[in-house]
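S.K.: Okay, here's what each chain looks like letter by letter:
There are 2 protein chains.
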Amino acid sequence: MANIREIAEKAGVGIATVSRYLNDTGYVSDQVKAKIQKEIEESNYKPNALARAIFTKNSKTIGLIVPNICNPFFNQIASVIEENANNMGYTIFLCNTDDNAEKERNYLEVLQSNRVAGIIVARSKCEEVYSHIEIPVISFESYISDKIITVSSDNYNGGKIAFEHLYECGCRNILHVRGPKSFEATEERYRGFSDGAREKNLEIDFIELESDFQVKMIDSNIEGFNKISKYDGIFVFNDIAAATVMKFLKQKEIKIPEEVQIVGFDNSFICELLHPSLTTISQPIQQIGTAIIELLFKLINGEDVPIKDHFMKTELINRETTLPRR
Amino acid sequence: MANIREIAEKAGVGIATVSRYLNDTGYVSDQVKAKIQKEIEESNYKPNALARAIFTKNSKTIGLIVPNICNPFFNQIASVIEENANNMGYTIFLCNTDDNAEKERNYLEVLQSNRVAGIIVARSKCEEVYSHIEIPVISFESYISDKIITVSSDNYNGGKIAFEHLYECGCRNILHVRGPKSFEATEERYRGFSDGAREKNLEIDFIELESDFQVKMIDSNIEGFNKISKYDGIFVFNDIAAATVMKFLKQKEIKIPEEVQIVGFDNSFICELLHPSLTTISQPIQQIGTAIIELLFKLINGEDVPIKDHFMKTELINRETTLPRR
Numbered sequence: 489m490a491n492i493r494e495i496a497e498k499a500g501v502g503i504a505t506v507s508r509y510l511n512d513t514g515y516v517s518d519q520v521k522a523k524i525q526k527e528i529e530e531s532n533y534k535p536n537a538l539a540r541a542i543f544t545k546n547s548k549t550i551g552l553i554v555p556n557i558c559n560p561f562f563n564q565i566a567s568v569i570e571e572n573a574n575n576m577g578y579t580i581f582l583c584n585t586d587d588n589a590e591k592e593r594n595y596l597e598v599l600q601s602n603r604v605a606g607i608i609v610a611r612s613k614c615e616e617v618y619s620h621i622e623i624p625v626i627s628f629e630s631y632i633s634d635k636i637i638t639v640s641s642d643n644y645n646g647g648k649i650a651f652e653h654l655y656e657c658g659c660r661n662i663l664h665v666r667g668p669k670s671f672e673a674t675e676e677r678y679r680g681f682s683d684g685a686r687e688k689n690l691e692i693d694f695i696e697l698e699s700d701f702q703v704k705m706i707d708s709n710i711e712g713f714n715k716i717s718k719y720d721g722i723f724v725f726n727d728i729a730a731a732t733v734m735k736f737l738k739q740k741e742i743k744i745p746e747e748v749q750i751v752g753f754d755n756s757f758i759c760e761l762l763h764p765s766l767t768t769i770s771q772p773i774q775q776i777g778t779a780i781i782e783l784l785f786k787l788i789n790g791e792d793v794p795i796k797d798h799f800m801k802t803e804l805i806n807r808e809t810t811l812p813r814r
Numbered sequence: 489m490a491n492i493r494e495i496a497e498k499a500g501v502g503i504a505t506v507s508r509y510l511n512d513t514g515y516v517s518d519q520v521k522a523k524i525q526k527e528i529e530e531s532n533y534k535p536n537a538l539a540r541a542i543f544t545k546n547s548k549t550i551g552l553i554v555p556n557i558c559n560p561f562f563n564q565i566a567s568v569i570e571e572n573a574n575n576m577g578y579t580i581f582l583c584n585t586d587d588n589a590e591k592e593r594n595y596l597e598v599l600q601s602n603r604v605a606g607i608i609v610a611r612s613k614c615e616e617v618y619s620h621i622e623i624p625v626i627s628f629e630s631y632i633s634d635k636i637i638t639v640s641s642d643n644y645n646g647g648k649i650a651f652e653h654l655y656e657c658g659c660r661n662i663l664h665v666r667g668p669k670s671f672e673a674t675e676e677r678y679r680g681f682s683d684g685a686r687e688k689n690l691e692i693d694f695i696e697l698e699s700d701f702q703v704k705m706i707d708s709n710i711e712g713f714n715k716i717s718k719y720d721g722i723f724v725f726n727d728i729a730a731a732t733v734m735k736f737l738k739q740k741e742i743k744i745p746e747e748v749q750i751v752g753f754d755n756s757f758i759c760e761l762l763h764p765s766l767t768t769i770s771q772p773i774q775q776i777g778t779a780i781i782e783l784l785f786k787l788i789n790g791e792d793v794p795i796k797d798h799f800m801k802t803e804l805i806n807r808e809t810t811l812p813r814r
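Here the protein sequences line up with chains F and L, keeping their order. For the first sequence, my numbering assigns the number 489 to the initial residue and increments by one for each residue that follows. For the second sequence, my numbering assigns the number 489 to the initial residue and increments by one for each residue that follows.
Calculated directly from the structure, the hints in this document are not laboratory data. Warning: the hint list may mix true and false statements.
To be verified - These stretches of chain F come out as covered by chain L in the derived footprint (C-beta under 8 Å, 3 or more residues):
#1 525 to 538
#2 556 to 564
#3 581 to 593
#4 601 to 610
#5 711 to 724
#6 734 to 744
#7 772 to 782
Unchecked claim - In silico negatives: residues of chain F with every beta carbon more than 12 Å from chain L:
#8 Gly-514
#9 Asp-518
#10 Lys-548
#11 Glu-597
#12 Lys-669
#13 Asp-693
#14 Glu-696
#15 Glu-698
#16 Glu-760
#17 Asn-806
Beta carbons: idealized from backbone N, C-alpha and C, even for Gly.
Throw the hints in and build the complete structure from the sequences for me.
M.R.: In structure tokens form, the structure reads like this:
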């Protein structure tokens, strides 16, 4: 690939002139502009974004740290963030942590070395590291510190809505399939669901799954699943786990929703693929992704942004796994 | 954040010495090394990967261009590639194109400007641009030119296996739900399936869907779907579309597999979530991802790699939507 020196030589101008033209940092006559542009096109020269990043102190890159890009919830968020960032001329570094603190720490080193303009981190497992990071950070789904903005769905209220819906659908013998206790988001859903039940003086049962996203969920949780068939209403902490619960019930020939009603969480694409289609609590993915990017760009641009938690509204998406009463 | 000049000053050495230490490009005494390392740790200095990239001419970054990170097949491949690249000290730029040639072209500019060490592109829509790119490229799923290595599943044979399986399961009145004609991978599945039928002198019917991954697939393809109920065997070009076909049939109260048998393609996580679980043709995702990264690193390291197509073996994963006869 041609470099800036060769472009300058061929156009018969100085390197500084080419640099002024490329970075739009000073006067270049139209005639010279045309000459330079012609040489750039003919030689297939690409301006060096790394050099420009060092010079302008803006790499136009953002680090996106997620637990697992295969989880539909995280890849939908990633897709919204990528699209918004791309529209602003930014590119995304994809960092998958598998909920592993060591992987997250390593990626944070890499992102800082690459002078990313900002970092978005979902479900951090190494909160203590962030106090040393001078790059703008937005945390998604979990609290890191009182110096970092958190954006999250209103998981607590989502859990509460899930309870109220099952109750209104006539369920009185209710189970909540919880996510791993270390996940703030699913713990909030559990709290909201439990508080909803307490308000109605209803005892509910719980089982806990060990992972939020696994292909062989039944096999790895079979002991817990054997309790599932005793209930008339089940709230499951996410849609994939709810699909697994549905599959287990169908294998036992228990009818959904006639014998047991199910509510999931996320409103991911699988809800529509299931039969019956899954009633769920939606997280406003588009709105969450947009809020994250907008807040991050404000921080990148040095705006004064109040550090507070942003909870995005969750709501009931009524489908076929529940039977609302008139 | 501290810079290299401040580190040098505090350690009482020259900038060149710190640079030699950081880049391991020359002798530094153990005593001086210890002094520099102490200052680096105390000041939370992160070496500038951008400067190092310019100096060493290796950015340690890779561009990954995919049509849609929400499609389970592409996010599983992305996950394997990310993990392998990370193990080699490389970070991934995630580029989502939505099968849009303009978005792909723009990303190619960005990746070249960022001096990525290599590019992996899935299902390219602007093949002509690649002849001007001097960075190593591996193409995934579609042929770009005879100068670029393609890695792909053996889609043709996968289609053939799908036909043979339905035939062996006793189906004689068979439909193939095809993917969009512009996708090389699904066209190959169609070719393999058709050739399988021709060998048995069996006429088969076809319908074509317009997209490979859509939540509201039934709604957007309802006219085609109304033909579906007439068959005893259906091969669908991917698992998500197969799940949609299954849902449509269940709504019509057509029994799977007793009245109609179904085969999907991909072996993505949804196969196990469906009830009955979906018989499918597996693409060896781990193997494909690893092959792509290995070939790309050989090119990055300047090794002489024969330009040829690599077809990875597809195979039948027998689940509950088909009934093999003894």
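S.K.: If you count the residues of the stretch 772 to 782 of chain F with a beta-carbon closer than 8 Å to a beta-carbon of chain L, do you get 3 or more?
M.R.: Since 0 is below three, the answer is violated.
S.K.: If we take the beta carbon of Asp-693 of chain F, is the closest beta carbon in chain L still more than 12 Å away?
M.R.: holds (24 Å)
S.K.: Are at least 3 residues of the stretch 711 to 724 of chain F within less than 8 Å of chain L when you compare beta carbons?
M.R.: violated (count 0)
S.K.: Can you take a look at whether the stretch 556 to 564 of chain F is actually covered by chain L? Rule is 3+ residues, C-beta closer than 8 Å.
M.R.: Since 6 is at least three, the answer is holds.
S.K.: Cut-off 8 Å, C-beta pairs, minimum 3 residues; does the coverage of the stretch 734 to 744 of chain F by chain L stand?
M.R.: holds (count 4)
S.K.: Evaluate the condition: distance from the CB of Gly-514 of chain F to the nearest CB of chain L exceeds 12 Å.
M.R.: The claim stands: Gly-514 of chain F keeps its Cβ more than 12 Å from every Cβ of chain L (closest is about 21 Å).
S.K.: Is it the case that Lys-548 of chain F keeps its Cβ farther than 12 Å from each residue Cβ in chain L?
M.R.: It is violated; Lys-548 of chain F is separated from chain L by about 8 Å at its closest Cβ, not greater than 12 Å.
S.K.: So Lys-669 of chain F supposedly isn't at the interface. Is its beta-carbon more than 12 Å from every beta-carbon in chain L?
M.R.: Consistent with the label, Lys-669 of chain F stays out of reach of chain L, its closest Cβ about 24 Å off (over 12 Å).
S.K.: Grab the minimum beta-carbon distance between Glu-696 of chain F and chain L and tell me whether it stays above 12 Å.
M.R.: Non-interface label on Glu-696 of chain F holds, nearest chain L Cβ at 20 Å vs cutoff 12 Å.
S.K.: In terms of Cβ atoms, is chain L entirely out of 12 Å range of Glu-597 of chain F?
M.R.: violated (7 Å)
S.K.: Count the residues of the stretch 581 to 593 of chain F whose Cβ falls closer than 8 Å to any Cβ of chain L, and tell me whether that reaches three.
M.R.: Contact hint for the stretch 581 to 593 of chain F vs chain L: holds, 5 residues under 8 Å.
S.K.: Counting residues of the stretch 525 to 538 of chain F whose CB is closer than 8 Å to a CB in chain L, do you get three or more?
M.R.: Holds, because 6 residues of the stretch 525 to 538 of chain F bring their Cβ atoms closer than 8 Å to Cβ atoms of chain L.
Taken one by one, the earlier hints fail for this structure at numbers 5, 7, 10, 11 and 16, listed in ascending order.
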